[in-house]
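Protein chains: 2
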Amino acid sequence: MKKEGISRRQLIVDGAKIITAAALVGAASGVSTSEAYTYPSQFKYKKLDIERVGQITYENYFKRWCCSSVLAGLVEPLKEKVGGAWKDFPIDAYKWAHGGFAGWGALCGTLTGAGIVIGLVTKDTDIAEAMSNDLAFYYSYTELPSFQPDKPIKAEIKHMTIAGTPVCHISVGRWMRAEGVGFLTNERAERCARLSANIAMEAARMLNAWVDGRYTPKHSPLYNVAANGITSQNNCRDCHGQYTPTPRETYETLER
Amino acid sequence: MKKEGISRRQLIVDGAKIITAAALVGAASGVSTSEAYTYPSQFKYKKLDIERVGQITYENYFKRWCCSSVLAGLVEPLKEKVGGAWKDFPIDAYKWAHGGFAGWGALCGTLTGAGIVIGLVTKDTDIAEAMSNDLAFYYSYTELPSFQPDKPIKAEIKHMTIAGTPVCHISVGRWMRAEGVGFLTNERAERCARLSANIAMEAARMLNAWVDGRYTPKHSPLYNVAANGITSQNNCRDCHGQYTPTPRETYETLER
Chain A
2 MKKEGISRRQ
12 LIVDGAKIIT
22 AAALVGAASG
32 VSTSEAYTYP
42 SQFKYKKLDI
52 ERVGQITYEN
62 YFKRWCCSSV
72 LAGLVEPLKE
82 KVGGAWKDFP
92 IDAYKWAHGG
102 FAGWGALCGT
112 LTGAGIVIGL
122 VTKDTDIAEA
132 MSNDLAFYYS
142 YTELPSFQPD
152 KPIKAEIKHM
162 TIAGTPVCHI
172 SVGRWMRAEG
182 VGFLTNERAE
192 RCARLSANIA
202 MEAARMLNAW
212 VDGRYTPKHS
222 PLYNVAANGI
232 TSQNNCRDCH
242 GQYTPTPRET
252 YETLER
Chain B
2 MKKEGISRRQ
12 LIVDGAKIIT
22 AAALVGAASG
32 VSTSEAYTYP
42 SQFKYKKLDI
52 ERVGQITYEN
62 YFKRWCCSSV
72 LAGLVEPLKE
82 KVGGAWKDFP
92 IDAYKWAHGG
102 FAGWGALCGT
112 LTGAGIVIGL
122 VTKDTDIAEA
132 MSNDLAFYYS
142 YTELPSFQPD
152 KPIKAEIKHM
162 TIAGTPVCHI
172 SVGRWMRAEG
182 VGFLTNERAE
192 RCARLSANIA
202 MEAARMLNAW
212 VDGRYTPKHS
222 PLYNVAANGI
232 TSQNNCRDCH
242 GQYTPTPRET
252 YETLER
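Order-wise, the sequence lines are chains A and B. The first sequence begins at 2 in my numbering and counts up one residue at a time. The second sequence begins at 2 in my numbering and counts up one residue at a time.
Treat the hints loosely; a few may be bogus.
[Said to hold, decoys possible] Think about it this way: if two alpha-carbon atoms lie no more than 20 Å apart in a straight line, the pair counts; the simulated DMTMM-like pairs of lysine to aspartate or glutamate are:
no.: 1; chain 1: A; residue 1: 80; chain 2: B; residue 2: 89
no.: 2; chain 1: B; residue 1: 124; chain 2: A; residue 2: 188
no.: 3; chain 1: B; residue 1: 88; chain 2: A; residue 2: 89
no.: 4; chain 1: A; residue 1: 155; chain 2: A; residue 2: 188
no.: 5; chain 1: A; residue 1: 82; chain 2: A; residue 2: 213
no.: 6; chain 1: B; residue 1: 45; chain 2: A; residue 2: 89
no.: 7; chain 1: A; residue 1: 88; chain 2: B; residue 2: 89
no.: 8; chain 1: B; residue 1: 80; chain 2: A; residue 2: 89
no.: 9; chain 1: A; residue 1: 45; chain 2: B; residue 2: 89
no.: 10; chain 1: B; residue 1: 48; chain 2: B; residue 2: 213
no.: 11; chain 1: A; residue 1: 124; chain 2: B; residue 2: 213
no.: 12; chain 1: A; residue 1: 124; chain 2: B; residue 2: 89
no.: 13; chain 1: B; residue 1: 124; chain 2: A; residue 2: 213
no.: 14; chain 1: B; residue 1: 124; chain 2: B; residue 2: 213
[What the hints assert, rightly or not] Just some of the chain A residues that point at chain B, by a computed CB distance under 10 Å:
no.: 15; residue: 44
no.: 16; residue: 69
no.: 17; residue: 100
no.: 18; residue: 104
no.: 19; residue: 117
no.: 20; residue: 168
It should be emphasised that the hints constitute simulated quantities derived from the structure, not laboratory data. Quick reminder that beta carbons are idealized off the backbone N, C-alpha and C, glycines included.
One chain only, chain A, in its complex shape:
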């Protein structure tokens, strides 16, 4: 269902900059982002107990890995509190998203898991976009994992790190270096389990606010695209080093 254009968008964004960014991207890419869409979905949401979401996610990690453990943390309570379509939701059908897509180290699977529930319940492309974007900011710029399980399942761990990115390989590698452990260790599994809990909890916090009519985006959707002239993050030098292209001009001028 097509929505009513820019006035609706203004309700869910937090300033003029985002409208500019979205309009720029929309106009130039041939997709009008002021044409947001609502869509039918059978998946209802009720406010969840944040700590319980975290604990379920944490415990599930060691069997289901990142994406499906976030799904378990959100969906298991929804099966109880809401029922309906959630009862048949196949939590394990998304395990492939682990490790940045079947271990390829791209997008952290926790974000895929959270995005799936966000998309199913919000029924609005603008709101799901804003919430996913906020979650990517939280993931990238928060010291994690901060979740403390009642009783550690695999190991005690010492460090929290700031990923600077939603990319699995960089995020986990940075933490491994801080902790001084390899990937195939109990410590690393423990870190990813706790991180999964943090992401599920943050998603539940946003959805709890949304269902109460209190969700306001913290960050500007599509800001990275508008700022850098390409789908991107704000950690350019992590990969480009001293040869970081000038934002927005590189691929237009081809001068690098």
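Starting from the structure of chain A, add chain B where the hints point.
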């Protein structure tokens, strides 16, 4: 449902190396990957017309972007041929996966879209893992986009490129440099629309083979993790340059 261990895994993998890789990862991470899981899912599959999948995906891109357009290409025909649970499948509920997660440039959304359908229909974590992995290889090491629409919607484009990665930012940036255009152009949108068609078609090819009992993985799942000692790709120098860590020893020795 827990499956019968290694004998089952041997049926779906193509050699001893993968078993070694999966066993290594499983044993050390505390998750036994020889314990594959099947799960119930209401989503049935019937063989699809590959060209039609491509054309639907291509046409949907300009409204729904990468992830949801791949979903449209696969799900719209399944709504007609299979019906059932597909009839209520909310294609737009996954739009947030576009542009590597809400424009963050991480995992190309086409792979998220394909993974969702693969996971829902195969009902087996091992098969979904192998198929996702094969699709990541196809995405990364095939000259794309090769899909030719009946009639280009946005622009004529000249180039195909090899991404070397399933990461959106690198994949699209490499193509943009070859074509000599910026991100916010009709040419770039046309490229991503055709690429989406290619990925949906390859997923449909694998699923068509699978439903006929003819799917055999081409590549070893979790090979990247075993080879590099971390969730990763095989394009280390793209980001690390001359300071590429030695595979598997860096985070164990912390000597870099």
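Going through the hints against the structure:
{"no.": "1", "hint": "A:80 <-> B:89", "verdict": "18 Å, holds"}
{"no.": "2", "hint": "B:124 <-> A:188", "verdict": "30 Å, violated"}
{"no.": "3", "hint": "B:88 <-> A:89", "verdict": "15 Å, holds"}
{"no.": "4", "hint": "A:155 <-> A:188", "verdict": "7 Å, holds"}
{"no.": "5", "hint": "A:82 <-> A:213", "verdict": "16 Å, holds"}
{"no.": "6", "hint": "B:45 <-> A:89", "verdict": "14 Å, holds"}
{"no.": "7", "hint": "A:88 <-> B:89", "verdict": "15 Å, holds"}
{"no.": "8", "hint": "B:80 <-> A:89", "verdict": "18 Å, holds"}
{"no.": "9", "hint": "A:45 <-> B:89", "verdict": "14 Å, holds"}
{"no.": "10", "hint": "B:48 <-> B:213", "verdict": "8 Å, holds"}
{"no.": "11", "hint": "A:124 <-> B:213", "verdict": "35 Å, violated"}
{"no.": "12", "hint": "A:124 <-> B:89", "verdict": "13 Å, holds"}
{"no.": "13", "hint": "B:124 <-> A:213", "verdict": "35 Å, violated"}
{"no.": "14", "hint": "B:124 <-> B:213", "verdict": "15 Å, holds"}
{"no.": "15", "hint": "44", "verdict": "8 Å, holds"}
{"no.": "16", "hint": "69", "verdict": "9 Å, holds"}
{"no.": "17", "hint": "100", "verdict": "4 Å, holds"}
{"no.": "18", "hint": "104", "verdict": "5 Å, holds"}
{"no.": "19", "hint": "117", "verdict": "7 Å, holds"}
{"no.": "20", "hint": "168", "verdict": "5 Å, holds"}
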